[in-house]
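From first to last, the protein sequence lines stand for chains C and F. Residue 0 is where the first sequence starts when you use numbering that gives the first Met the number 0, and the numbers rise one by one after that. Residue 0 is where the second sequence starts when you use numbering that gives the first Met the number 0, and the numbers rise one by one after that.
By construction, these hints were calculated from the structure, which means they are not laboratory data. Check before you lean on any hint, since a few could be wrong.
[Said to hold, decoys possible] Calculated cross-link-like contacts (lysine-lysine; reagent style DSSO-like; alpha-carbon spacing at most 30 Å):
hint	chain 1	residue 1	chain 2	residue 2
1	F	314	F	167
2	C	83	F	29
3	F	167	C	83
4	C	67	F	216
5	F	167	C	96
6	F	167	C	67
7	F	314	C	96
8	F	314	C	67
9	F	216	C	83
10	C	9	F	216
[Unchecked claim] Across the chosen pairs, the derived CB separations fall in these ranges:
hint	chain 1	residue 1	chain 2	residue 2	range
11	C	55	F	285	40 to 50 Å
12	F	26	C	55	47 to 57 Å
13	C	107	F	144	17 to 27 Å
14	F	364	C	37	51 to 61 Å
15	F	264	C	129	25 to 35 Å
16	C	14	F	244	48 to 58 Å
17	C	124	F	285	46 to 56 Å
[What the hints assert, rightly or not] Only part of the chain F face toward chain C is listed, based on derived beta-carbon distances under 7 Å:
hint	residue
18	132
19	150
20	151
21	152
22	156
23	209
24	261
Heads up, the beta-carbon is just placed ideally off N, CA and C, and yes, glycines get one too.
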Amino acid sequence: MISLEDAMRKPTPAPDADTNAFWLGMRNSQLLLQYCGDCGNVQYYQQGLCRDCGGENLLHRPASGRGKVYSFSVVHRAPGPAFKVDVPYAVLLVELKEGPRMISTYIGGNPQEVTFDMDVELVFEAITDEITLPRFRRA
Amino acid sequence: MSKNSTSPVRKATLRGKVAVIGIGISPVGKVPGKSPLWLAADATKKCLADAGIEKREIDGVLSCHAMASPFHRFSIAFSEYFGIQPTFSNTLQVSGATAATMFNIGAAAIHGGLAETVLVVGGDSLLSGLTPELALRSLTENRDQQYEMPFGIPVANTFAMTAHRHMKEFGTTPEQLAEVAVVQRRHASRTPGAQQIKPITVDDVLNSGMVTTPYHKLDCSLISDGGAAFLLTSAERAKELEIQKPVYILGGGECHTHEHIFLMPSLTATGAVGSSRKAYDMAGYGPKDMDVAGIYDCFTGTVIMMLEDLGFCSKGEGGRFVADGQTTYGGQIPSNTHGGLLSFAHSGVPGSLFHFYEVIAQLRGQCGDRQVPDANLGLVHSLGGGYATNATTILGTERTL
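Hey, can you work out the whole structure from these sequences and the hints?
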């Protein structure tokens with residue numbers, strides 16, 4: 000069970016051993032993708048080894064920030080009290096130009112204008128001193 | 000020539016080895032003043048009475064987690080609460096898919112000699128044991144804390160994005176989604192104790208207010224209290240006990256394709272394809288042989304996608320299949336005849352146990368005016384975590400063995 004106090008706060012990412020470099024990159028306005036030096040697989044979700052070949056020769060490279068809306072859902076009823084002030088907002092499943100998909104939210108426009116395959120670009124939004132979240136706006 | 004290459008490969012199977020000998024259900028819907036453990040215990044008492052055995056004969060307990068209960072080891076806390084000391088027990092966690100895994104694993108434990116009589120039990124009180132805000136947030140809590148939750152993903156959202164993509168790829172309409180809710184409400188109206196029985200129309204669903212596109216309020220399952228319990232034992236022991244209508248586990252399968260929604264291989268073809276194929280192969284029956292089904296229905300679009308992935312219709316046809324009346328009486332596969340999570344009750348992870356209760360009652364011919372005639376083969380599919388987890392169980396009467 001979670002406490003009501005926790006439910007009132009928006010969840011903030013807590014960087015861990017797999018994600019420290021990623022969140023540091025976000026602070027510096029870079030969304031770091033992992034490229035496998037052995038098989039060429041590209042990963043958004045940060046891990047200590049390649050999901051395809053198991054190799055650990057992973058290199059970070061910043062994403063172009065370009066992508067398309069693969070799917071989306073406009074939230075009208077908030078998932079708990081912390082998000083009530085934000086509704087309606089569009090949760091996006093973005094397919095990055097580099098291949099991987101990621102979850103984010105739409106900013107800079109009316110959520111109702113989001114469509115499938117819409118071109119979007121990355122925006123860096125600092126939510127605390129440590130954490131910057133990746134958001135997307137219409138490209 | 001090596002010995003191995005000449006001997007036929009004998010695939011291990013659970014087919015017909017284990018029977019369900021008792022079923023029990025607590026009051027469901029709004030059940031104030033009762034804890035998850037009480038709901039589970041009440042269902043278990045009824046289950047024992049149904050099987051005609053004593054609690055000391057239970058030597059195995061499998062359960063699922065309860066969000067409104069503080070116990071991490073729910074199966075252990077339950078055993079203490081109920082005054083039993085099992086020699087096989089676990090609390091399983093694959094979200095909504097846990098129900099079917101409890102049946103499959105319970106059967107495997109009996110067949111493998113770990114236990115003789117396994118109680119499968121769950122209970123939770125999302126409606127009375129949590130505030131609405133905590134219930135919603137608890138349902139969301141299983142999303143990733145770094146990659147998903149910071150973006151305000153409601154529990155409905157992963158399912159909404161898959162359904163939305165299904166609409167784009169196959170032309171599934173909001174009206175077809177709504178029809179799922181309409182059919183199941185009609186089913187619930189014949190089920191004693193169902194939480195929502197007032198008839199609804201497609202327009203009612205479309206006008207019920209948007210939760211997260213494309214889902215309206217009435218496209219979403221309920222928030223409920225309730226528990227259910229089942230007793231499994233070997234086919235031989237079921238005979239010794241002279242159980243009148245044993246229902247056999249014929250096949251089981253699981254398939255888990257991802258943890259994060261953004262790593263789901265396809266948004267419109269799920270692990271249900273793999274889990275049901277395993278279950279059908281073990282049972283020796285196919286989707287067209289099934290007489291009745293319990294299909295996980297956290298949202299209306301979930302049912303449409305599962306009808307396709309479980310093989311009841313082809314990919315992309317799920318919406319039309321429902322609109323054609325194929326999921327109700329007289330159709331190809333009467334599904335969720337109790338009303339499902341959408342109208343009967345949805346007490347979190349135990350909610351899918353109600354699908355088992357209904358399908359088993361149908362196979363025993365105990366469903367009164369909602370009985371599916373000559374029901375001998377039934378399928379239950381459970382899933383969770385935005386299709387992360389999938390588990391299927393196929394059940395049959397004595398004549399299907």
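Outcome of the hint check:
With a C-alpha separation of about 13 Å, the suggested pairing of residue 314(F) with residue 167(F) holds against the 30 Å cut-off. Proposed proximity of residue 83(C) and residue 29(F) is supported: the alpha carbons are some 26 Å apart, at most 30 Å. Only pairs whose Cα atoms come within 30 Å are accepted, and residue 167(F) paired with residue 83(C) is accepted, the gap being roughly 28 Å. At most 30 Å may separate the alpha-carbon atoms for a hinted pair to count; residue 67(C) and residue 216(F) meet this at roughly 28 Å.
Distance check on the hinted pair: residue 167(F) and residue 96(C) sit about 21 Å apart at the alpha-carbon level, within 30 Å; holds. Under the criterion of a C-alpha separation no larger than 30 Å, the hint pairing residue 167(F) with residue 67(C) is consistent with the structure, at around 15 Å. Annotation: proposed proximity of residue 314(F) to residue 96(C) holds, straight-line Cα distance about 28 Å (limit 30 Å). Among the hinted pairs, residue 314(F) with residue 67(C) is consistent with the structure: their alpha-carbon atoms are about 25 Å apart, no more than 30 Å.
Of the pairs offered as hints, the one joining residue 216(F) and residue 83(C) holds, with about 17 Å between alpha carbons and a cut-off of 30 Å not exceeded. Distance restraint check for residue 9(C) and residue 216(F): the Cα-Cα separation of roughly 24 Å lies within the 30 Å cut-off, and the hinted pair is therefore satisfied. For residue 55(C) and residue 285(F), the hinted distance range of 40 to 50 Å is satisfied, since their beta carbons lie about 44 Å from each other. Between residue 26(F) and residue 55(C) the C-beta distance comes to about 54 Å, which sits within the given range of 47 to 57 Å.
Separation of residue 107(C) from residue 144(F) is about 26 Å and conforms to the stated range, judged on CB atoms against 17 to 27 Å. Between residue 364(F) and residue 37(C), the C-beta spacing of about 60 Å keeps the proposed range 51 to 61 Å intact. Between residue 264(F) and residue 129(C), the C-beta spacing of about 33 Å keeps the proposed range 25 to 35 Å intact. For residue 14(C) and residue 244(F), the Cβ-Cβ distance of about 56 Å falls inside the hinted range of 48 to 58 Å, so the restraint holds.
Judged by the Cβ atoms, the range 46 to 56 Å given for residue 124(C) and residue 285(F) holds: they are separated by roughly 51 Å. A distance limit of 7 Å between C-beta atoms decides the matter here; for residue 132(F) the minimum to chain C is near 5 Å, and the interface restraint holds. Interface restraint check: residue 150(F) against chain C, minimum CB-CB distance 5 Å, threshold 7 Å, status holds. Here the hint on residue 151(F) is kept, as its CB sits about 4 Å from the closest CB of chain C, short of 7 Å.
With its C-beta approaching chain C no nearer than about 6 Å, residue 152(F) sits inside the 7 Å limit, and its interface hint holds. Evaluation of the residue 156(F) hint against chain C yields a held restraint, the C-beta minimum of about 5 Å falling below 7 Å. For residue 209(F), the interface hint holds, the least distance from its beta-carbon to any beta-carbon of chain C being 4 Å, beneath 7 Å. For residue 261(F), the suggested interface contact is upheld, since its CB lies about 4 Å from the closest CB of chain C, less than 7 Å.
In this structure, every one of the numbered hints holds.
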